[in-house]
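Q: Read off the chains here:
Protein chains: 2
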Amino acid sequence: MSVGESVKRVDAYEKVTGRAKYTDDLCPRTALVAKVLHSTIASGYVKSIEIEEALKVKGVVKIVTCFDVPSHTFPTAGHPWSTDSSHQDVADRRLLNTHIRYYGDDIAAVVAEDEVAASRALRLIKVEYEAFTPLLTPNEAMHATSAPPIHENYPDNILCHSDFEIGHYEEAIKDPDLIWFEGEYDTQMVQHCHIEPAVSFAYEDNHRMIVVSSTQIPHIMRRVIAQALGVPFGQVRVIKPYIGGGFGNKQDVLYEPLNAFLSKQVGGKCVKLELSREEVFTCTRTRHSVQIKLKTGVRADGRIVTRKIEALANQGAYASHGHAIVSNAITGFRHIYQQEKAVKADAYTVFTNLPCGGAMRGYGIPQVTFACESHMQDIAEALHLDPIAFRMQNAMQLGYKDPFLGITCYSSGLKECVEKGMEYIHWHEKYPAYQDQTGPIRKGVGMGIFSYKTGVYPISLETASARLVLNQDGSAQLQMGATEIGQGADTVFSQMAAETIGFTLDQIHIVSTQDTDISPFDTGAYASRQTYVSGMAVKKTAALFKERLLSYAAYLLKVPESTLDIQNNEIINSVTKDCLITLPALALEAFYNLDYASHITAESSVQCKNNTISFGVCFAEIEVDLALGRIKILDIINVHDSGVLINPQLAKAQVHGSMSMGLGYALSEQLLFDAKGKPLNPNLLDYKLPTSMDTPDLAVDFVETVDPSGPYGNKSLGEPPAIPVAPAIRNALLQATGIAFNSLPITPHKIIEKFKENGLI
Amino acid sequence: MSVGESVKRVDAYEKVTGRAKYTDDLCPRTALVAKVLHSTIASGYVKSIEIEEALKVKGVVKIVTCFDVPSHTFPTAGHPWSTDSSHQDVADRRLLNTHIRYYGDDIAAVVAEDEVAASRALRLIKVEYEAFTPLLTPNEAMHATSAPPIHENYPDNILCHSDFEIGHYEEAIKDPDLIWFEGEYDTQMVQHCHIEPAVSFAYEDNHRMIVVSSTQIPHIMRRVIAQALGVPFGQVRVIKPYIGGGFGNKQDVLYEPLNAFLSKQVGGKCVKLELSREEVFTCTRTRHSVQIKLKTGVRADGRIVTRKIEALANQGAYASHGHAIVSNAITGFRHIYQQEKAVKADAYTVFTNLPCGGAMRGYGIPQVTFACESHMQDIAEALHLDPIAFRMQNAMQLGYKDPFLGITCYSSGLKECVEKGMEYIHWHEKYPAYQDQTGPIRKGVGMGIFSYKTGVYPISLETASARLVLNQDGSAQLQMGATEIGQGADTVFSQMAAETIGFTLDQIHIVSTQDTDISPFDTGAYASRQTYVSGMAVKKTAALFKERLLSYAAYLLKVPESTLDIQNNEIINSVTKDCLITLPALALEAFYNLDYASHITAESSVQCKNNTISFGVCFAEIEVDLALGRIKILDIINVHDSGVLINPQLAKAQVHGSMSMGLGYALSEQLLFDAKGKPLNPNLLDYKLPTSMDTPDLAVDFVETVDPSGPYGNKSLGEPPAIPVAPAIRNALLQATGIAFNSLPITPHKIIEKFKENGLI
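So the protein sequences, as listed, match chains A and B.
Counting from 1 along the first sequence, just add 95 to a position and that's the residue number in the numbering used here.
Counting from 1 along the second sequence, just add 95 to a position and that's the residue number in the numbering used here.
Fair warning: there could be bad hints in the mix.
Stated by the list, open to error - Covered stretches of chain B (in silico footprint by chain A; criterion: 3 or more residues with CB under 8 angstroms from a CB of chain A, positions within the stretch not fixed):
| # | segment |
| --- | --- |
| 1 | 324-333 |
| 2 | 698-707 |
Said to hold, decoys possible - Calculated cross-link-like contacts (lysine-lysine; reagent style DSS-like; alpha-carbon spacing at most 25 angstroms):
| # | chain 1 | residue 1 | chain 2 | residue 2 |
| --- | --- | --- | --- | --- |
| 3 | A | K116 | B | K496 |
| 4 | A | K151 | A | K359 |
| 5 | A | K103 | B | K359 |
| 6 | A | K403 | A | K388 |
| 7 | B | K436 | B | K496 |
| 8 | A | K103 | B | K364 |
| 9 | A | K116 | B | K116 |
| 10 | A | K496 | A | K403 |
Worth flagging that the hints you see were computed from the coordinates, not collected in a lab.
Everything numeric in this text was worked out from a predicted model, so none of it was measured.
Each residue gets a CB set at the ideal place from its N, CA and C atoms; glycine is no exception.
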């Protein structure tokens, strides 16, 4: 037994002792340093660049400008490639750009012997611009006349229009008995704030380009770098060491193509490109700011009859994942609640002159869930319905099958999650108790539920592989294409392999580094897919590996394979459970037997054509100081149904991290810009990422369903916990004060304003 | 087509441009440095060691002495392990030794922040010895009374006695018609002199020991280090980058176990241990000095009736490969010539207080061939037989089957090799022309033949594996356990894979680095086995890989797999040869097809239960200046039958390098010691390795037989060319002067002496 145990992380010792090697730790002492020159306007063109003075700086090796790079464009989103061009990601970037699309766009790069020389040179480069008034909001951008389109082939700046309709909305709204509710909600632009910045180094080896990078998607990055350089994919090799967090930002290919290009410019020498925190905030990816309008027709008894969502996503300067994210958001809207007659969605992803929106933990669902769960609360209160009963009455049921995607809800612990949460927070006492308060300090309880898919099927390809190699001492190497990004993937994969083979965990040595030259293929860490999809690859490969061990044992022991099994690193009689030979002894024979030596390994790939739904809920109890506009979290809990937990302790840690991300999203985090599109707070001091001092105790609980589609009964967990926190707090604040905050983040500044408006202070 | 073509080395560009990464290039900037304290006596015991002063040196981190290491012993020979203890290598070493067995034995080690501090500390360590008179020759050692045995469990210092008898020797010698010949020959101790010294660095990662080392045998080294540390094999990981030559010295595990132990002593920090040239000469391995007595009974017509060999091999201080080498030598004696009645062999491998004999290119055969081919020449001249006709009359014939090993001579181009050599050197004119010369400057032609096995079967296990991985662009990664050690293995393996799959060579990317965590298992580079045994693994794996490509193509194209083939990276109709789909297009489908995505890889291992025999000859024409005792090589050629040549240009380069090694062996190289066993010339200046200035033009030719047992008709080539050079020169000198030199090397010093004795000067 190993699956289901809270074993210690396999990388705990290395990481706690500071020995784990990250990208920068591996960079050769002789590497050159690259720095990027970013535009100081948000929209326009580079007319000319003067580099003469910069070139004179001692230690400068090479300067490349936007006039020196290939003219072809490439996509950066970390999606599997498609052989169908209409499903390929949007190729809208060059390595450096003459057409400037946001404040901080990449227009030149310096390669120097050290960082000081590179920085000095940057300051000496003179750029002449032709500037336009930047378009900062979707509305501005969709109706712009002042400036040329942000991307020539999108005249109205609309990257994508996503919509669907189930039932006949126009018919449904004619129903005379309906009570109508409308709400407008908007969410802010936030950033991932992974501890390790985007960093890579690149060099040529035997005419091939080697890139060592902090990425969630080494195999996809290999393809994108090759596309950017215009070389065959096999000419690029990507190596991924331990990484210090990604949260979706590193599910995009960021500066690696430029890094590789710069190495080629200096004859294949090793060049390092590490972003500053300011650059990470401005020049990598963000969570989309989305404006959402909801309209719902309900019967007096609380049955939802028809719903409509309209969404406007601010994509920023480049496409990245954009089109996929708002369409995922409206799918999420479709999933969590059901309706009697019709549901309709209309969403636009719009280019603006702001930093680029991309993948971030939750992929559109935190935005839509904030809107949806705020809206549901408002409806319940207006109809004097119990807000929880109202939700459960309309929530997705076990066995739900999506009419478009065909995916099924194979397991649901939503009801039990809600019950556990209510009990923990003492809902039955506190919800009534906190109604209609007065006075300067008030309390409230609030909650929000969510549902979340597992992986990307059928929207995109789901495939993964694994390899197992027997060692001379009977232990095994486990090699994955799936990536450890701090979430504990290496540990759970090791547990899965041990479980299926019949080994103790210490006999599985996982190869943590991915190297696209030799690691099995996997699309990488995103969409909470790895324990589900890559887990299937581990299970299949481990079964194959076990079969080969047993077949060799059958040869040695001269007994039928069918009578053998493996338990605690021993080949046993499957009936009597007696040990027939230990794995160390078997391994020595397998390697060195003069009659029959065989190197026992197994490698296999799976294609996952399934998906399932996770559920969860957040309950929060808050106290608000009206005069200070200060919210204090008195108690908060997330309860999740993520199917079987491979490692409960790691699962809990996942939820902790994700809840704190949800708290920042709800209360403090926001990237701000001035009227010219210049970022105002691209640093950890002004951005207001919650620190441990700002973080209350976080309670976590689970309802373990056994999902029949998961390799070990498991389903998605990595992203979901971030989703329900903001609406739970918003709804608690609503109960405490009667004021509905429909715009994130709910900062003291906004609170004071609204309290004044409403005469609370 | 790729096999048989003289394609450029796959690593040529990296190596010529100095970009190829060797062990030291990869060592982290922060590594600590280890240096070893060597004994200054050749025989005795360490009574005490004072390290107090040394510890005070700034930068010294740790000092370990022979009193601090585990008491268990371990073997160092690079042989496959055996599950039968009687066939395991001799475990006669500790990490550091209190019992000193040669001048330079390892008695303590310093770990410091830099080399200067380590060296300073070494000089401050005080050692008190109990010294014995060293035993420097086998005869001394076998009959020693003055000193205790060199190894307690070998009272008479005899490591091993190897013998055999075919027919009844005692009967055979009774034949009255026999003409008897006897000869005594001895060969010197030489060293490999690879350019890159023995070097490694070691560190702990996640409680496992990682050792990066310049070795020919990473997988075997993993096992030996684990044995030395007393941990399970899987707890050790060995990484082998490009290496700067080995020639057999790196078929032994040298200082890696001590390096790993020292890293453990400093808490798993990275420690580098690089030997100086002096240490490489004295403290690694050497070619055994062997004294050989031959006795042959011949009929007047030149038919050999019976033969006997007696050999005494000077093993030096530790067992290493010793016992195997002299037994290989007498097997070689048995193979090259046949006899009417009987052949007998009696060989002893004897411990002495000299540096340790180990594996070196030829593994005993250069020694025995010098004796044998000198002896054959002497017999021919005494009987006035044509020396070549006499040899061919008695040489091994096609189809020969060894009575003990059961291995068969599947192919023989010996006759054609000799004919080509005779023609090149103009034997028919020169051999008669150079008879009975007078005057101060004389010329001579001489020759020697040899035969050589391929790999180690059935004496030891032969197994190898390979892995192929399809890239997203349709090219393939080839991953071998077999090692590139400068000989061109990576190139020929790539050619084999391209040939069998139907790819062009540029579509095979070989992974040159071996990493025991992930590289397929292979015992490594030795016994000229890799193109033969590992070549079988490439062929089997490539065929499997091709089959999987064709089966996926059959799915895509909806045609039977049997109608498909691969040519020039295209799936073709096997009859019409029309291209049906290119590999790049197929690969994109295989990775990204939404209906059927499959990660195409292949991995397989082979066990080789066969062996075959290579042949060759060296012809040399020399000029000797009697007064100066100087030999000038006027012309020299090696002609080889190594079966099909995978890459003729690389094969030629192999022969060039090996011939120059043979020239040094014949004329100048010898490790010298004083009466106390102290090495006198352990450096490249005094040792007299021939430089390019000393090396004449080297002619090379081949006779390409097709060996039915070789994967591509190939058989051994790496070691053989070093074998016949010395006897050819010795025999040429005999013809020029009438003087038989039976002791190597034939230095001017020895020549002058012998000429004086014989009144030539």
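Q: Give a verdict on every hint.
A: For each hint, the structure was consulted:
1. Residues of the segment 324-333 of chain B with a Cβ under 8 angstroms from some Cβ of chain A number 4, which satisfies the need for three, so the listed coverage holds.
2. Beta-carbon proximity to chain A at under 8 angstroms applies to 3 residues in the segment 698-707 of chain B; the threshold of 3 is reached and the given coverage holds.
3. For the suggested pair K116(A) and K496(B), the alpha carbons sit about 56 angstroms apart, so the restraint of at most 25 angstroms is broken.
4. For the suggested pair K151(A) and K359(A), the alpha carbons sit about 22 angstroms apart, so the restraint of at most 25 angstroms is met.
5. Between the alpha carbons of K103(A) and K359(B) the distance comes to roughly 23 angstroms, so the proposed pair stays at or under 25 angstroms and holds.
6. With a C-alpha separation of about 8 angstroms, the suggested pair K403(A) and K388(A) falls inside the 25 angstroms cut-off, and the hint holds.
7. Distance check on the hinted pair: K436(B) and K496(B) sit about 16 angstroms apart at the alpha-carbon level, within 25 angstroms; holds.
8. Between K103(A) and K364(B), the direct Cα distance comes to roughly 23 angstroms. Compliance with the 25 angstroms bound is thereby established for this hinted pair.
9. Proposed proximity of K116(A) and K116(B) is supported: the alpha carbons are some 19 angstroms apart, at most 25 angstroms.
10. A C-alpha spacing of about 20 angstroms is found between K496(A) and K403(A), which places the hinted pair at or below 25 angstroms, so the restraint holds.
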